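Protein chains: 2
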Amino acid sequence: MKLIPVIMSGGVGSRLWPVSREAHPKPFMLLPDGQNLIQKTFRRAAALEGVAEVMTVTNRELFFKTEDEYRLAGGGAVAQSFILEPFGRNTAAAVAVAALQLQEVYGADAQMLILAADHLIKDESAFANAVVKARQLAAEGWLVTFGIRPEYPETGFGYIEADQDTPLAGGFKVNRFVEKPDLETAKQYLAAGNYLWNSGMFCFRVGTLVEQFEAYASDVLGAVRETLSRSRLSEGHRHRAITLDAEAFGEVPDISVDYALMERSQRVATVPCDIGWSDIGSWNAMSELTEADANGNRFDGEVLVHQASNNYVQSHGRLTALVGVENLIVVDTPDAVLVAHKDRAQDVKHIVSQLKRNGHDAHLLHRTVNRPWGTYTTLEEGERFKIKRIVVKPGASLSLQMHHHRSEHWIVVSGMARVVNDEREMLLDTNESTFIRAGHKHRLENPGVIDLVLIEVQSGDYLCEDDIVRFQDIYGRANG
Amino acid sequence: MKLIPVIMSGGVGSRLWPVSREAHPKPFMLLPDGQNLIQKTFRRAAALEGVAEVMTVTNRELFFKTEDEYRLAGGGAVAQSFILEPFGRNTAAAVAVAALQLQEVYGADAQMLILAADHLIKDESAFANAVVKARQLAAEGWLVTFGIRPEYPETGFGYIEADQDTPLAGGFKVNRFVEKPDLETAKQYLAAGNYLWNSGMFCFRVGTLVEQFEAYASDVLGAVRETLSRSRLSEGHRHRAITLDAEAFGEVPDISVDYALMERSQRVATVPCDIGWSDIGSWNAMSELTEADANGNRFDGEVLVHQASNNYVQSHGRLTALVGVENLIVVDTPDAVLVAHKDRAQDVKHIVSQLKRNGHDAHLLHRTVNRPWGTYTTLEEGERFKIKRIVVKPGASLSLQMHHHRSEHWIVVSGMARVVNDEREMLLDTNESTFIRAGHKHRLENPGVIDLVLIEVQSGDYLCEDDIVRFQDIYGRANG
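One line per chain: the protein sequences are A and B, in this order. Read in order, the letters of the first sequence correspond to residues 1 to 480 in my numbering. Read in order, the letters of the second sequence correspond to residues 1001 to 1480 in my numbering.
In case anyone wonders, no lab produced these hints; they're calculated from the structure. Check each hint, because a few of them may be wrong.
[Claimed, not checked] Sample of chain A residues facing chain B (criterion: CB under 8 Å; computed from the structure): (1) 320; (2) 321; (3) 324; (4) 341; (5) 348; (6) 355; (7) 362; (8) 364; (9) 365; (10) 378; (11) 435; (12) 457.
[What the hints assert, rightly or not] Distance ranges between label pairs, derived from CB positions: (13) A:467 <-> B:1294: 36 to 44 Å; (14) A:71 <-> B:1278: 43 to 51 Å; (15) A:439 <-> B:1288: 49 to 57 Å; (16) B:1088 <-> A:278: 47 to 55 Å; (17) A:449 <-> B:1470: 19 to 27 Å; (18) B:1088 <-> A:317: 27 to 35 Å; (19) B:1229 <-> A:293: 54 to 62 Å; (20) A:451 <-> B:1294: 48 to 56 Å; (21) B:1468 <-> A:51: 58 to 66 Å; (22) A:61 <-> B:1326: 32 to 40 Å.
[Stated by the list, open to error] Derived PhoX-like pairs (lysine-lysine); straight-line CA-CA distance at most 20 Å: (23) A:180 <-> A:349; (24) B:1133 <-> B:1173; (25) B:1342 <-> A:342; (26) B:1349 <-> B:1180; (27) B:1122 <-> B:1040; (28) B:1386 <-> A:388; (29) B:1133 <-> B:1122; (30) A:133 <-> A:122; (31) A:386 <-> B:1386.
For clarity, every value in this text was computed on a predicted model and none was experimentally measured. Here a beta-carbon is modelled for each residue, glycine too, at the ideal position from N, C-alpha and C.
With the hints as constraints, model all of the structure from the sequences given.
Here it is as structure tokens:
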């Protein structure tokens, strides 16, 4: 039987601001080991037995960025498909879209494995074993959850009560789902032994899932069918992408798969697991990935300390000094610094809400912005000038474009550029430069096999991103 | 009688790191009102009655920077002189050098007023009144201290015990100086009423001071005479600078004027003052210059808060977010962030010691470095490239120079540049650029009347400051 891991890459991770941002969310954050969660998740999924393809449900703005990560994770060996959402619409919608798609391509007997893009699983072989058990139960017609055996009385997760009187091969029938408990209740759950953390990972036979949706959440299924019928499919070699129609998708009920289906169905099972799972739900969870020193300090970056203990600092490129403080989280990024008490790590999300309310960019973007062709980083802005570092991927090309109000100086510091500047076309080698006058059509391209790095100095009276006229764009972007 | 304010600009202010650094010490720090202490001190000094000139004793590395500040403070109206130290040698040496110099130029009856460059005085007219009283006592042959009436039992200052049985016109004879007391003793001093904070400001008749040095610290005076005889004098219109001979100056005893003289002399008086004095001795003192909000937070910069109180943040250009923290000092600069508990503000100096021990630049320099001709700021460094913003003052010129290993691209973003590039000389207007090949002699000059701002992109295999050969330099700097 075919297995299709479905990576759900939806959330922003606003409790991990300022590193996690809307345009660079939690799955893309670098961990102390130099990898990110989405690469780890992809590799873990692709390594399972019997994988037909890896499907990803994500925001359409993250499509190119996600593809890049999979490429870096060695993704060429496995077929990939993408469901591209115009906006997040909760998990029932995402799971139902995936199910209908997979039923069409692989038939009702195929199995889907729902994974979160932003969870960490340390014991990958235990995970693979749990998947084997879950597939067996799914084949028998169960909707299978992965229940994490609790290590402490966590109050931030929902729990699954396993029905110990109904053992199944490799798991149990589920008695009920319970909401996040208070501490006292969580302690009782821990003592009882048959309560498990709800990890949000699932395994389904596609046909069973569609049937159960039909039975318990037919409104979701109907709206998703309508959305798919109006959506755009693009197909390539071992690659499929469906861009969901925004208007129809906006009509899908905004509900989680837990509420819509799992808590209602009578066919729910759980596979209890010890797989070293963490949802990296806050800076406290993140801090545990860095080893503590003798004073309980965990530092990812250059930190100097005078009588400070039990702090976590993440700072790349800038020095941090701590004097006489304890139990703090300090996270430093090029445009924002967070200082939070460890006991209040959950409240970081309130800062993100404030930024959104104020219309502040810092919830949305980093100084480095991803584009289909590479990245740009604004190094400095001042009156009448702006300086960017532009990295163009091998073979990639920016659109043929023109600016009315700004001139641009380009200096190649690494790699080779092919430049169209007005009527001329030229190759610029490392250490060479050119000047694009305002009003001149131009295009930048990397014809080489290594990254092209160039410094762009813009000068002019108006330097905003919206002063651009695009004439041709290989990524299908319209002007504006 | 002539009055010569002598501004002592010696200390680094390591408790105000990371804003205060060796090459940009406390007197140059911007206060929330947009001014700095050295400008305030200069203006306050120059505004006094009967000022013949303003003398400044400072490190020779800070000469141009200090002159720039005085120019901005409208310094053209008053004659200036500078004593340039090769290194700090405590206050007895600095005061004695000033005294001997002033005796030579103005004679024994001239009066000198010793001021610290890094103290804040809020009530300038009360200060001017106190100076009038002090001059009267100085004329009678007293060594006059300014005693600040204590507002609370401070344990960080030395105290002066006024002899209330010996009132003088405008002050008292001093009974004794006392070291920093413990809290209990400080409370007794406050209650007693005749104990005053030792502000480190003094007023002397030059001849009296030299006599007293002769009597109590003739070793200091002798070594300073020797230093002056070997030092270099440069004179211009209403301008005099003496560069002290390093070898001779190193032989002067390392002792404060308080120990060497004031605590020994029988001719010491004090003028009690209420002048709104603060030595801005720590980030706590600095924070009080910014108004508190309803939660006791004082913010100089863009700050977002979720349930945080009694914190101080200084951050220019970057967003700071505080979550659930209290009584913290957060100071953010382009290359370093400080997070300290308010009760431990004094301990910030230990971070500076650590930086020095580790040979880390962050105790010494900011990203923006002052030069006689203007400033440069390193915006970004990477493999094979470095980007600087260079500001050249009107009329100023960099040396004619050459680099072996790097090419430089210059782009003018504001103002006008005169450039020598190998055999050619040209004018570059705003938005124009040029390219200096490695091995080519070049010179950059600002022929205009506004600042020249340019972006320099260096590329090459070796980009350190020591790859420079200087051919001609109007500031007399040798190569290296």
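Here is what the structure says about each hint:
1. 320: holds, 5 Å
2. 321: holds, 4 Å
3. 324: Result: holds, 3 Å to nearest chain B Cβ.
4. 341: At 4 Å from the nearest chain B Cβ, residue 341 (chain A) passes the 8 Å test, so the hint holds.
5. 348: Status holds, d = 6 Å.
6. 355: Result: holds, 7 Å to nearest chain B Cβ.
7. 362: holds, 5 Å
8. 364: violated, 13 Å
9. 365: violated, 12 Å
10. 378: With a minimum Cβ separation of about 11 Å from chain B (threshold 8 Å), the hint on residue 378 (chain A) is violated.
11. 435: This interface hint holds because 6 Å falls under the 8 Å limit.
12. 457: holds, 5 Å
13. A:467 <-> B:1294: 36 to 44 Å: holds, 42 Å
14. A:71 <-> B:1278: 43 to 51 Å: At roughly 60 Å between Cβ atoms, residue 1278 (chain B) and residue 71 (chain A) fall outside 43 to 51 Å, so the hint is violated.
15. A:439 <-> B:1288: 49 to 57 Å: Taking Cβ atoms as reference, residue 439 (chain A) and residue 1288 (chain B) lie about 54 Å apart, which means the hint holds.
16. B:1088 <-> A:278: 47 to 55 Å: holds, 53 Å
17. A:449 <-> B:1470: 19 to 27 Å: violated, 41 Å
18. B:1088 <-> A:317: 27 to 35 Å: For residue 1088 (chain B) and residue 317 (chain A) the Cβ distance comes to about 32 Å; the hint holds.
19. B:1229 <-> A:293: 54 to 62 Å: Holds - the Cβ-Cβ distance for residue 1229 (chain B) and residue 293 (chain A), about 55 Å, lies within 54 to 62 Å.
20. A:451 <-> B:1294: 48 to 56 Å: holds, 51 Å
21. B:1468 <-> A:51: 58 to 66 Å: holds, 59 Å
22. A:61 <-> B:1326: 32 to 40 Å: holds, 38 Å
23. A:180 <-> A:349: Holds, because 18 Å separates the two Cα atoms, which is no more than 20 Å.
24. B:1133 <-> B:1173: Status holds; Cα separation ~13 Å.
25. B:1342 <-> A:342: holds, 18 Å
26. B:1349 <-> B:1180: With Cα atoms ~18 Å apart, residue 1349 (chain B) and residue 1180 (chain B) stay inside 20 Å; holds.
27. B:1122 <-> B:1040: holds, 10 Å
28. B:1386 <-> A:388: holds, 13 Å
29. B:1133 <-> B:1122: Holds. Residue 1133 (chain B) to residue 1122 (chain B) sits at ~19 Å (cutoff 20 Å).
30. A:133 <-> A:122: holds, 19 Å
31. A:386 <-> B:1386: Holds. Residue 386 (chain A) to residue 1386 (chain B) sits at ~16 Å (cutoff 20 Å).
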